[in-house]
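Those protein sequence lines, which keep their order, are chains A and B.
Sequential numbering from 1 applies to the first sequence in my numbering.
Sequential numbering from 1001 applies to the second sequence in my numbering.
Note that these hints are calculated values from the structure, not bench results.
If you're wondering where the values come from, they're calculated on a predicted model, not measured in any experiment.
All C-beta atoms in this analysis are idealised placements derived from N, C-alpha and C, irrespective of residue type, glycine included.
Hints are supplied without guarantee of correctness; some may be wrong.
Claimed, not checked - Here are some, though not all, of the chain B residues that point toward chain A, as calculated from beta-carbon distances under 10 Å:
| no. | residue |
| --- | --- |
| 1 | A1038 |
| 2 | A1070 |
| 3 | T1079 |
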Amino acid sequence: MITLKVRDTLQVTEEQEKNWQVAQRINRETRANPQSPYTGKYVGVLHQQVVAVGNTLDKVCDQLDALGDDDQGVAIEANADYDRKVMFWRMP
Amino acid sequence: MPRALWPLQNGQPAVQMELQNQITGVSASRILLADTGAGSQHEPVDLVLGTEDGALFARRFQGRVVSGGAIPGHFEVFTVTIAIRDLSMVRRVNAMIVPIETLPAGFAGIATIRFLDSFTYGNFGQRGHFGLEVP
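Start from the sequences and build out the full structure, keeping to the hints where you can.
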C-alpha cells in the first residue's frame, strides 16, 4: 500500500502541471523585473494562483500543506533560473 | 558552530544525510558526492538523486530543468526532506531525479554547489575528510 503511494509521487498530475506552468511564468517575470514583489521570495502556486509567499522553501511548503493541497501545489524560488542548463562536469 | 565531518569516499568528498518521507515515515541514510562543480547557485537544484530514492522520498513536484555534461537530459525536480543530525538540521531541498546509472559510482547522488554553499564547507584542517558547518 505504501509502495503504491510513494510511486505515485513521481507521476506529475494535471493539476501539478498547470500549477507549474503558472509558476514558470511567475519565475520568468520575476527574473526579468527586479522590482517584482516576488524577488528574493519563494512562491506557492495552487489552482493556478499564488497562495503562499515566504522566505524559505520550508515556509512555503508548510503553507501549502496547511491548505491541505495533497502536494498538488508547486513551490518555486522566484529568482532561480529554471531555464538555465544545470551542468555536471565530472565523468560518469 | 555545529559541524559534521565525514571521511572521503574513494578519495572523493562526501556528505551523509538521512532522507525522510514524512508521510510514510520511511527514512534512509545516504552518502552523496559533494561536488562543488555540479550546477551553480542560479539553478534550483540542491541534490541529484536516483529514481529509486525519488520514488521513496520525493514529495512535491517543483518543475523541470535541463541538465548537461555528465547527466544530459530533461529532468523533474521534487522536494525531499533531509536531516543531518550532527548539524541538528532538518529541511526540504530541491532534488533532481535521474536514472540511477547516471549517478557517480559508489554514491547515492550528488550534493551540488547550491546545497554545499548554504554551509561553510571543507576539511576543517582534517586531511582525508570533508565537512559542513552551519555558518
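The hints, checked one at a time:
no., hint, verdict
1, A1038, "5 Å, holds"
2, A1070, "4 Å, holds"
3, T1079, "6 Å, holds"
In summary, this structure violates none of the numbered hints.
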